[in-house]
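J.: Sequence:
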Amino acid sequence: MTRNSRHWAIAAAAFLAAAPVLAGCGAGFDAITNQPYTPTEALSVSADKAKGIDISQAFFLGPDSGSQLAAGAATPLYLSLVNTNKDADRLVGVGVDPALGTAKIASPVDLPVQQRVGVGKPTPAIVIEGLKKPLSGGESISVQLQFAKAGVVPLTVPVITRSREFKDLPQAPGASPAPSATATSEATATPEATATASPSASTGHDESGH
0 MTRNSRHWAI AAAAFLAAAP VLAGCGAGFD AITNQPYTPT EALSVSADKA KGIDISQAFF
60 LGPDSGSQLA AGAATPLYLS LVNTNKDADR LVGVGVDPAL GTAKIASPVD LPVQQRVGVG
120 KPTPAIVIEG LKKPLSGGES ISVQLQFAKA GVVPLTVPVI TRSREFKDLP QAPGASPAPS
180 ATATSEATAT PEATATASPS ASTGHDESGH
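Just so we're aligned: 110 in numbering that gives the first Met the number 0 is position 111 of the sequence shown, and the numbers increase by one with no gaps anywhere.
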């Protein structure tokens, strides 16, 4: 190996060693980032990376195109789940940083083995209420899904505007959009929001998945 190639190898090794640290920055429980996206860029995570739970078409439904979800509003989570493990499981909770809002699940979501379960239709089952910041679409929100057997699965889920194939999806109750980007976090933010799971109400599940 030449002297120059040795220097290159050392530099490459140093970069790779630093990569996990860089990737972890801003990717915590409360990370929200603004990134370019297209309306079809819902999140998908293979089962081997999510403790045997195949996750597809995961996104938070944002405002209509050109609008904002004001602070104090709510955003629903849509996703499709397939339990590839040997035993049936259940989604029992969802968590977000309380600085963002309060995560609520209407009721636990049963996950039979090798069956696709859609969450969010016909009625939103998982929502973040009392948003502390307005959402325009294009942001990403870090959440933690709590499964009864698989445990905690962290995700960074995009916020997608209510347009194109998403335009007819129901918004969360209380998701009052602001007319423009002038909405501020001083609107109607709910104080002291905490990440909770509240299995209190029953919700239907869409087996088609979206």
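These are computed hints drawn from the structure, not numbers from a lab.
Take the hints with a grain of salt, since some may be wrong.
Below, simulated DSS-like cross-link-like pairs (lysine-lysine); rule was C-alpha separation at most 27 angstroms, straight line [claimed, not checked]: (1) Lys48 with Lys132; (2) Lys132 with Lys50; (3) Lys120 with Lys148; (4) Lys166 with Lys131; (5) Lys131 with Lys120; (6) Lys166 with Lys48; (7) Lys120 with Lys166; (8) Lys131 with Lys50; (9) Lys85 with Lys166; (10) Lys85 with Lys132; (11) Lys120 with Lys132; (12) Lys85 with Lys131; (13) Lys48 with Lys85.
The structure displayed is predicted, hence computed values, not measured ones.
J.: For each hint, tell me whether it holds in the structure or not.
T.: Quick rundown of the hints versus the structure:
1. Lys48 with Lys132: Given that 27 angstroms is the threshold and the Cα spacing comes to 30 angstroms, the pair is violated.
2. Lys132 with Lys50: violated (31 angstroms)
3. Lys120 with Lys148: holds (24 angstroms)
4. Lys166 with Lys131: Holds. Lys166 to Lys131 sits at ~24 angstroms (cutoff 27 angstroms).
5. Lys131 with Lys120: Given that 27 angstroms is the threshold and the Cα spacing comes to 25 angstroms, the pair holds.
6. Lys166 with Lys48: Distance ~30 angstroms between Lys166 and Lys48 Cα, so the pair is violated.
7. Lys120 with Lys166: With Cα atoms ~13 angstroms apart, Lys120 and Lys166 stay inside 27 angstroms; holds.
8. Lys131 with Lys50: violated (31 angstroms)
9. Lys85 with Lys166: violated (37 angstroms)
10. Lys85 with Lys132: Cα-Cα ~41 angstroms, so violated.
11. Lys120 with Lys132: Distance of about 25 angstroms is within 27 angstroms: holds.
12. Lys85 with Lys131: violated (40 angstroms)
13. Lys48 with Lys85: Status holds; Cα separation ~16 angstroms.
The structure shown violates the earlier hints numbered 1, 2, 6, 8, 9, 10, 12.
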